[in-house]
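The residues making up each chain are set out below.
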Amino acid sequence: MRNTILTIASVGLAALALYLLSHMQGTSGLLSALTLIFIWGIAAVSLNLINGQLGILSLGHHGFMLIGGYVTALLMLPAKERRPFRTRLLSDWARNDLDLDKWLRGLGLDTIANSVDLKFVIALFLAGLAAAFIGIIVGAPSLRLKGDYLAIVTFGFGEIIRLLPNAPQVAAFTNGPLGIKGIPGNAGSIWWTFVVFLLVIWFFSRLKFSSYGRAFEGIREDEIAAEAMGVGLAYHKVLAFTLSAFFAGVAGGLYASYLQSVDTQTFNFFVTFFLLVAISLGGLGSITGAVLGTAIVILVRIYGGFLEESHTAFVGYISGAAVMLAAFAFSVYIRKSRRLRPVVEPKHYIFGGLGILLLLVALLFQGQPWMTQKVQFFGMRRILLAVILILIMIYRREGLMGRAELAWNKVFGSREDIPSDEQRDQDAWLSNPDLNPGAAKEDDDASA
Amino acid sequence: MTASKTTSRATLITIIITLLLVALLGWRFYSLGNYTLARATQDFLNALTLGSLYALIALGYTMVYGIIRLINFAHGDIFMLGSYLAFYAMALTPMHWAAALLVTILLGGTVLLVIRALFNLEEPKKTITLALLLFAGTFFLLAFRHMGWIEALLLSMLATGVAGVLLEAVAYRPLRGAPRESMLITAIAASFFLENLGQLLFGPRVRGFNAETILNKPLSFSIGHDTVYFTGILVMVPLITALLLFVLNTFVSRTKLGKAMRATAQDAEVAQMMGVNVNQVIALTFFIGSILAAAAGVMYSIRFGQIHPLMGLMPGIKAFTAAVIGGIGSLPGAVLGGLLLGMIEIYAVSLFPTLSAYRDVFAFVLLILIMLFRPSGLVGEDLTEKV
Amino acid sequence: MPLLELRNIYKAFGGLQAISNVSLNVNEGEIVSIIGPNGAGKSTLFNLITGVYKPDSGDIIFEGKKLNGLTPDQVTKRGVARTFQNLRLFTHLTVLENILIPQHHRLKTGWLGAVLRLPKYLREEEEMRKIALEKLSFFGPRLMSFRLHQPVYVLSYANRRRAEMARAMATGAKLLLLDEPSAGMNPKETKEITQIIRRFRDEGGYTIVVVEHKMNLVGDISDRVIVLDYGEKIAEGDYKDVVNDPKVIEAYLGRKEE
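Chains as they are written, first to last, in the numbering used here: chain A, 1 to 448; chain B, 1001 to 1387; chain C, 2001 to 2258.
In isolation and in its complexed conformation, chain A is listed as follows (with noise of 0.2 Å):
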């Protein structure tokens, strides 16, 4: 009662929050990073669910992102961004009956078709439904491999979905290679977007703590035993797969409404390893971590700008030698810090010499032409989460939460195993013969 009480308190500190955000001036930026948390938090919840809950590493997400994206923008678009593609790609049906207000209409049900919203709101579910459609087709054959066979497949599932929309067979519906323009964007606003993250959190860890999200973590431990009792291998991946699809589809719904826009970029393979940093980042199996490092991830890419800017190649090679000594400095640290010996490795040599001969080459060349000319530091915001990922994946496997959830009773420090003064007087007594002498001549008597 108390926890229900707590929850709807914070979430509507939370809108409050966003309510004075949105009123005030010059927060668009903090706003639409929000908005990508939102979007992206949903994507990386759902990926949890398979690759956190359920053990298997699967890296199709985009795929299924990108069947939510096209099948919001067809049904979205307003009829009159859908003249233009008369003379693209676009085939007549696609363009005049593939509309979900055209349908709502033909069903009589003027009011809704009215309501941009509300639209939105169909138009995510049946993109979440596509999404899940494909997820079974994908998932039934494929979730009976293992390990990296089944990432791999995964991943050739998600990058043939990609490649589909270009094809000229497909372009029909996808307008191929230019993409869908001209989306309506206000329904991808940041109250929607909250709206769907707040049911998706609350769906995932309703998920996570029924006897579903207990019979995938069974599946997750251990295969075998699970199968053992009872719980069918096939029944809940396909449902764990086809759940995570669907939500897939729905944030990508809501990001192609965000951007406005959709074609085969918007969902490449860039984005399940996003994902991934996300999830590895905030603790793989964690509704709140993924959520966590999402925000993270997104900070970095909203706020990290300014690594890509340009700078002088001077700068470049000093801020390299900074970053190959920190290497060499953290890497010795953390030897240090687990007692590992020896304190410095060879290969460790490699950042501290590579970075001393960076310093060396900037200082000495200081002034010549190819070293002040400018450059654009291009990609760094990518190669800087690559290193986060491997970093995590070298000294930190379980992220930033491991598999545990923000709860109240642990902010309350009430936890339920940890024994009281009472109960731990009463297991001393059962495991230490010296203090029951009776119950151990018991059993002796009984066996006797």
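FYI, nobody ran anything at the bench for these hints, they're computed from the structure. Nothing here was measured: the structure is a model prediction, and the numbers come from that model. Just to be clear, a hint being listed does not mean it is correct.
Calculated from the model, a selection of chain B residues having no Cβ within reach of chain A, i.e. all distances over 10 Å [unchecked claim]: (1) Ile1016; (2) Glu1123; (3) Arg1262.
Below 25 Å or equal to it, Euclidean Cα-Cα: the simulated SDA-like pairs (lysine to any residue) are [stated by the list, open to error]: (4) A:Lys347 / B:Leu1070; (5) A:Lys146 / B:Leu1070; (6) C:Lys2077 / A:Tyr235.
Cβ coordinates follow ideal geometry from the N, Cα and C atoms, glycine included.
Mind docking chains B and C on chain A? Use the hints.
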């Protein structure tokens, strides 16, 4: 009993599929009409070249997978690195002597250290000879003249091999014994790292790779009434590939280190107990795989005339598909799979021009089909996780 | 009619005949022990019954229905549950969760109902918890109170064995297959396990098949003993008769050189 039943059914299905394919091809040859012997020859040359390149890259995938059960996602980017190193070797030479000296010391030194560690060169005499050879050779190549493609190929192979060893040491070795999923994630991250580092260091734009050699001169010969047009590289690639395969085969089957490699692939733990230095063998595997990838990269760039930082993606995936087709973990399988995939790709596009838009999709479809229905590939054993 | 009936089971791995022509019956309410030297095919027999392996030929009949060709989870749903020789608990989950997962297959509410926490689901969940506590209480207070919420990896080895037995019972099975329930336990704990297995039958109403190496445990609990050697059944009967059977002695000790 059940086992034999399924095998016979699988054989039957294979036969049916083969017959259908043959029928389809026959019909296609017949209906295309203008498909002459000359065109078939030209396609064959193209397919052989592409297949050899896939085979070279696929060997790296298959060797690494065979030994540490890791799908080295970054292998395609090692291939890219090889191309760029050769590109710069040809574009920047002859260098100023001071720069050449600096590069020689750095490159030669690293290569020397790595080779010493990989091949157990304990004797000082051998080390000194190797060092002299390395330093003098590199300096000579860099400082005096414009580098030709063969020198660039050799230099790039060496340097890329070392890069592969460094990649393994920095990113994969700390994860030895970690869950395989974690290793795969690391490999994906390493791939992204290399791709974006390539964009940062080499610039994101496409560059022409003009190895001005006889290899790019148009050549022709005639069959019947038609003429076959080709370039020297189309002949050179299969030849160089064959040479490299011969060297690799000799190394793996004849030398002590090659035997250690095969033993580690069988069972790393037991090999370690029998005195094999598993870390050294793994590093060596990465070294050889990267060398082959670099060779493939340079030849690929000469063949297609351009390079860019993401060039390793599709060839990487296709080569991986080739490795899976042949049976991942098996060396002959990788070569077979590579050649087969090259054939399939070239002939499919040549015979069904409408399908050319699906060229990349096709590789993925093939990959998935093989994974789902015959994960052991054509000649390999099933290496999926056993329970 | 016997509860479990095996008729002429054969199973080969490659060229190795792991089980050949084994037939046996287990009647309701019995405790049957299967013994035999290492590699005799005892664990293979368990894997065949539970659907991990498929027999090459022969029938496995449980309550008059064939089990052949069913997957392990379907076999468990029919009412056969097992423990594993080398503990296969869900290590990172709590004790309670470990005992709840085997009851999942009895859940009638679908996933959407579970997410929405329909009253029906809440009732079922309550029922599952009650059963879990009931099964755990077989082992006294050891796995109760705060231990319920501790992850399995903090438990002692003996407690893990107990938890695994509780987990097998929680599936709602009638027939328990216990694969070396006393492996790795000290004599005192072994005695206790002996008591408990008997209580499973007397109080819980289970029929039990045990694979064991410790002969005193086998002698203590078994109504009937079946001896396997090289995949064949070489003896069956009362414990005292079986251990004096020359064939059994030969299987364990080898033929006397004369």
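Tested hints:
{"no.": "1", "hint": "Ile1016", "verdict": "holds (20 Å)"}
{"no.": "2", "hint": "Glu1123", "verdict": "holds (21 Å)"}
{"no.": "3", "hint": "Arg1262", "verdict": "holds (22 Å)"}
{"no.": "4", "hint": "A:Lys347 / B:Leu1070", "verdict": "holds (21 Å)"}
{"no.": "5", "hint": "A:Lys146 / B:Leu1070", "verdict": "holds (14 Å)"}
{"no.": "6", "hint": "C:Lys2077 / A:Tyr235", "verdict": "holds (14 Å)"}
Hint compliance for this structure: no hint is broken.
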